[in-house]
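K.L.:
Following the hints, put chain B in place on chain A, whose structure we already have.
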Amino acid sequence: NAGVMQNPRHLVRRRGQEARLRCSPMKGHSHVYWYRQLPEEGLKFMVYLQKENIIDESGMPKERFSAEFPKEGPSILRIQQVVRGDSAAYFCASSPLETSGVYNEQFFGPGTRLTVL
Amino acid sequence: GESVGLHLPTLSVQEGDNSIINCAYSNSASDYFIWYKQESGKGPQFIIDIRSNMDKRQGQRVTVLLNKTVKHLSLQIAATQPGDSAVYFCADLRGSNYKLTFGKGTLLTVNP
Chain A
1 NAGVMQNPRH
11 LVRRRGQEAR
21 LRCSPMKGHS
31 HVYWYRQLPE
41 EGLKFMVYLQ
51 KENIIDESGM
61 PKERFSAEFP
71 KEGPSILRIQ
81 QVVRGDSAAY
91 FCASSPLETS
101 GVYNEQFFGP
111 GTRLTVL
Chain B
1001 GESVGLHLPT
1011 LSVQEGDNSI
1021 INCAYSNSAS
1031 DYFIWYKQES
1041 GKGPQFIIDI
1051 RSNMDKRQGQ
1061 RVTVLLNKTV
1071 KHLSLQIAAT
1081 QPGDSAVYFC
1091 ADLRGSNYKL
1101 TFGKGTLLTV
1111 NP
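Read top to bottom, the protein sequences are chains A and B.
Residue numbering for the first sequence follows this note's numbering, beginning at 1 and increasing consecutively.
Residue numbering for the second sequence follows this note's numbering, beginning at 1001 and increasing consecutively.
The following block holds chain A by itself, in its conformation from the complex:
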C-alpha cells in the first residue's frame, strides 16, 4: 500500500509565478490536510479537505492561496503570484474515514519544498 504521495518534491518559482502542489492520499483515505513548514519551525495547519469539500481553511492565507480535492485526482494546493515568503516545505497528510476516536491519525507525505527566487 503506497503512502501519501506528493509532487513535485522540489519546486522553484520566480516571484509572481504560480505554484501548484499535488497530493495523492493513501488508498482508501478520503481526508486530506495541508501543512506548511518554515525553516526550523514546526508544521502549521493550513486546510482540511474531503472530496469536493473544504472543511476547515482557518490556517490558509486569505489571498493567493487556494486548495481543492476533486472527486477524481489528487488534491491541489495552489499559490498564485508567489513571493519569497512563500518559500517553505508544504506537507500533505491523509486519514481514513472519520473514526469515533479522539484523533483521526494523519499519515504524512514527503513534502514539496518550494523555493521562490
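The set of hints was computed from the structure by calculation and includes no laboratory data.
Worth double-checking, as some hints may not be accurate.
Below, a list of computed lysine to aspartate or glutamate pairs in the DMTMM-like style, where the Cα atoms sit at most 20 Å apart [stated by the list, open to error]:
1. B:Lys1104 with A:Glu40
2. B:Lys1104 with A:Asp86
3. B:Lys1042 with A:Glu40
4. A:Lys44 with A:Glu68
5. A:Lys62 with A:Glu18
Taking CB as the label site, the calculated pair distances span [as the list claims (entries may be wrong)]:
6. A:Thr115 with B:Asn1097: 30 to 36 Å
7. A:Lys62 with B:Lys1056: 38 to 44 Å
8. B:Asn1097 with A:Gly73: 38 to 44 Å
9. B:Glu1039 with A:Glu105: 36 to 42 Å
10. A:Lys71 with B:Thr1069: 46 to 52 Å
11. A:Asn53 with B:Ile1020: 29 to 35 Å
12. A:Pro8 with B:Arg1057: 33 to 39 Å
13. B:Pro1082 with A:Gln17: 39 to 45 Å
14. B:Lys1056 with A:Glu41: 26 to 32 Å
For glycine and all other residues, C-beta sits at the position ideal for the given N, C-alpha and C.
P.N.:
This is chain B only, laid out in the frame that chain A set:
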C-alpha cells in the same frame, strides 16, 4: 499566546544512552498529545501518543510522560540508536480531532 514549544533545540547523545526530549504546552484545553519524528527530507512520522487523562504511555523503546500540573510533556528513548537521529516534534489537539498544533522541534543527534 497559545503554543506548544520545546525547551532545547538540539540534543546530542552517545549511541546506547537514553534520550529525553522535553516539550511545554500552554493551553490547558489540549486533550491529546503526539510525538512525531521527522528525518531529513521526509514528512513527520507518528511515534507515540497520549491522552490528557493519562500520565504515562509506553511503546517500543519509547515512553511519553505527561505532567498536566506544569503542562509538560517528555519523550524518552531507550538505548538510542543512530537511526533515531532526527527532529522530534510534539503536537497537540484541541477542540477537534484533526487540527494539530506543532512545536518547533528538537534535533536529536546520536553519536556512534
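K.L.:
Lys62 (chain A) and Glu18 (chain A): Cα distance at most 20 Å?
P.N.:
holds (16 Å)
K.L.:
A range of 38 to 44 Å was offered for this pair. Does it hold for the Cβ distance of Asn1097 (chain B) and Gly73 (chain A)?
P.N.:
The hinted range 38 to 44 Å is violated for Asn1097 (chain B) and Gly73 (chain A), with Cβ atoms some 26 Å apart.
K.L.:
Given the hint of 29 to 35 Å, check if Asn53 (chain A) and Ile1020 (chain B) actually sit that far apart at their C-beta atoms.
P.N.:
Between Asn53 (chain A) and Ile1020 (chain B), where Cβ atoms are some 42 Å apart, the hint is violated.
K.L.:
Taking 20 Å as the top limit, are the C-alpha atoms of Lys1042 (chain B) and Glu40 (chain A) close enough?
P.N.:
With a Cα-Cα distance of about 14 Å, the restraint between Lys1042 (chain B) and Glu40 (chain A) holds, given a limit of 20 Å.
K.L.:
Do the beta carbons of Thr115 (chain A) and Asn1097 (chain B) sit within 30 to 36 Å of each other?
P.N.:
Cβ of Thr115 (chain A) to Cβ of Asn1097 (chain B): about 34 Å, so the range 30 to 36 Å holds.
K.L.:
Looking only at beta-carbon atoms, does the pair Lys62 (chain A), Lys1056 (chain B) fall within the given range of 38 to 44 Å?
P.N.:
holds (42 Å)
K.L.:
The hint says 46 to 52 Å between Lys71 (chain A) and Thr1069 (chain B); measuring C-beta to C-beta, is that right?
P.N.:
Given range 46 to 52 Å: holds, Cβ gap about 49 Å.
K.L.:
Is it true that Glu1039 (chain B) and Glu105 (chain A) lie within 36 to 42 Å of each other by Cβ?
P.N.:
Distance hint for Glu1039 (chain B), Glu105 (chain A) is violated at roughly 19 Å.
K.L.:
May I ask you to test the hint 33 to 39 Å on the CB atoms belonging to Pro8 (chain A) and Arg1057 (chain B)?
P.N.:
holds (38 Å)
K.L.:
Hey, Lys1104 (chain B) versus Glu40 (chain A), does the alpha-carbon distance stay inside 20 Å?
P.N.:
holds (7 Å)
K.L.:
Using the beta carbons of Lys1056 (chain B) and Glu41 (chain A), state whether their distance is inside 26 to 32 Å or not.
P.N.:
holds (29 Å)
K.L.:
Does the Cβ pair Pro1082 (chain B), Gln17 (chain A) satisfy 39 to 45 Å?
P.N.:
holds (41 Å)
Violated hints, listed in ascending order, are 8, 9 and 11; each of the other numbered hints is respected by the structure.
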